[in-house]
Amino acid sequence: EAGVAQSPRYKIIEKRQSVAFWCNPISGHATLYWYQQILGQGPKLLIQFQNNGVVDDSQLPKDRFSAERLKGVDSTLKIQPAKLEDSAVYLCASSEGSSSYNEQFFGPGTRLTVL
Amino acid sequence: AQKVTQAQTEISVVEKEDVTLDCVYETRDTTYYLFWYKQPPSGELVFLIRRNSFDEQNEISGRYSWNFQKSTSSFNFTITASQVVDSAVYFCALRRGRRALTFGSGTRLQVQP
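As they're listed, the protein sequences go chains A and B.
The numbering of the first sequence is this note's numbering, which starts it at 1 and goes up by one.
The numbering of the second sequence is this note's numbering, which starts it at 1 and goes up by one.
If you are wondering where the hints come from, they were derived from the structure by calculation, not from laboratory data.
Keep in mind it's a predicted model, so treat the numbers as computed, not measured.
Yeah, the Cβ is synthetic: ideal placement off N, Cα and C, and Gly gets one too.
Check the hints yourself; a few may be wrong.
A few chain A residues that don't get close to chain B, going by computed Cβ distances all over 12 Å [claimed, not checked]:
no. : residue
1   : Arg-16
2   : Ser-27
3   : Gln-48
4   : Lys-62
5   : Arg-64
6   : Ser-66
7   : Gln-80
8   : Pro-81
9   : Glu-103
No more than 20 Å apart at the CA atoms, straight line, and that leaves these computed lysine to aspartate or glutamate pairs for EDC-like [stated by the list, open to error]:
no. : chain 1 : residue 1 : chain 2 : residue 2
10  : B       : Lys-70    : B       : Asp-29
11  : B       : Lys-3     : A       : Asp-57
12  : B       : Lys-38    : A       : Glu-103
13  : A       : Lys-44    : B       : Glu-56
14  : A       : Lys-11    : B       : Glu-44
15  : A       : Lys-44    : B       : Glu-44
16  : B       : Lys-3     : A       : Glu-14
Some chain B residues well away from chain A (every beta-carbon gap over 10 Å; in silico) [unchecked claim]:
no. : residue
17  : Lys-16
18  : Asp-22
19  : Trp-66
20  : Ser-73
21  : Asn-76
22  : Ile-79
23  : Gln-83
24  : Leu-101
Please take these sequences and the hints and turn them into a complete structure.
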């Protein structure tokens, strides 16, 4: 079974530029998550989708971050404009459902460096 | 609010030593799940174990064992006879209801040959 796919794996941009990350979850997984992991910290949720609807985006900086999951399959996370503090690894995860017991499977992440 | 604390930032052991990673959590919910994930240098988070709040039975799986104590809000993880391949960052996480995982800050384990 194919895992969660993410691209690109690495991205270097200058502050104030825009960037987009793509995630393709495991086939059939209804729930998709984007986490931000700053160096030396644990992942922090940015947004959670159930199919193509948003369940939780309370920690998403909506003035610069946006995400969508059209057709309830793959998802795109965008940052516009980027700031230095956005340098982090962006992890995508998916699970069959949103219940507590559903295991979340993580992708390899996209490492973003903002100069 | 919920919180997960991993007080050990980094642990270094010599191969074949046993090592315990500590995790303390805070939540007002009576129903929740606790998890341990491993993050090797490649970066991908790997699921290790899940425990629900009603199951305090501790378990051993190969070289791994877990000690869940609700009375002290702790969910500790032990690796017996550590190996170099165990070197990674280990995260404890909490989940309640349909919300996403709340992670601790991680413990970096270095196993020296």
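Inset, instruction - Find the nearest Cβ of chain B to the Cβ of A:Pro-81 and say whether that gap is larger than 12 Å. - result: holds, 26 Å
Inset, instruction - Starting from A:Lys-44, check that the Cα of B:Glu-56 is at most 20 Å away, please. - result: violated, 27 Å
Inset, instruction - Evaluate the condition: distance from the CB of B:Lys-16 to the nearest CB of chain A exceeds 10 Å. - result: holds, 28 Å
Legend entry - Whether B:Gln-83 stays farther than 10 Å from all C-beta atoms of chain A, as the label says: The claim holds: B:Gln-83 sits with its nearest Cβ about 23 Å from chain A, beyond 10 Å.
Inset, instruction - Just double-check A:Gln-48 for me: nearest Cβ-Cβ distance to chain B has to come out over 12 Å. - result: violated, 5 Å
Legend entry - Interface exclusion of B:Trp-66 relative to chain A, criterion Cβ beyond 10 Å: The claim stands: B:Trp-66 keeps its Cβ more than 10 Å from every Cβ of chain A (closest is about 16 Å).
Legend entry - Verdict on B:Asn-76 as a residue remote from chain A, using beta-carbon distances over 10 Å: Per Cβ check, B:Asn-76 is outside 10 Å of chain A; nearest 17 Å; holds.
Inset, instruction - Evaluate the condition: distance from the CB of B:Ile-79 to the nearest CB of chain A exceeds 10 Å. - result: Check passes; 19 Å lies beyond 10 Å.
Legend entry - Given hint B:Glu-44 paired with A:Lys-11 - CA-CA distance at most 20 Å: holds, 17 Å
Inset, instruction - Evaluate the condition: distance from the CB of A:Lys-62 to the nearest CB of chain B exceeds 12 Å. - result: holds, 17 Å
Inset, instruction - With a cut-off of 20 Å on the C-alpha distance, tell me whether A:Lys-44 and B:Glu-44 pass. - result: With a Cα-Cα distance of about 15 Å, the restraint between A:Lys-44 and B:Glu-44 holds, given a limit of 20 Å.
Inset, instruction - Below or equal to 20 Å on CA atoms is what counts here, so check B:Lys-70 against B:Asp-29. - result: Between B:Lys-70 and B:Asp-29 the Cα gap is close to 12 Å, so the pair holds against 20 Å.
Hint compliance for this structure: hints 3, 9, 13, 16, 24 are not met, and every other hint is.
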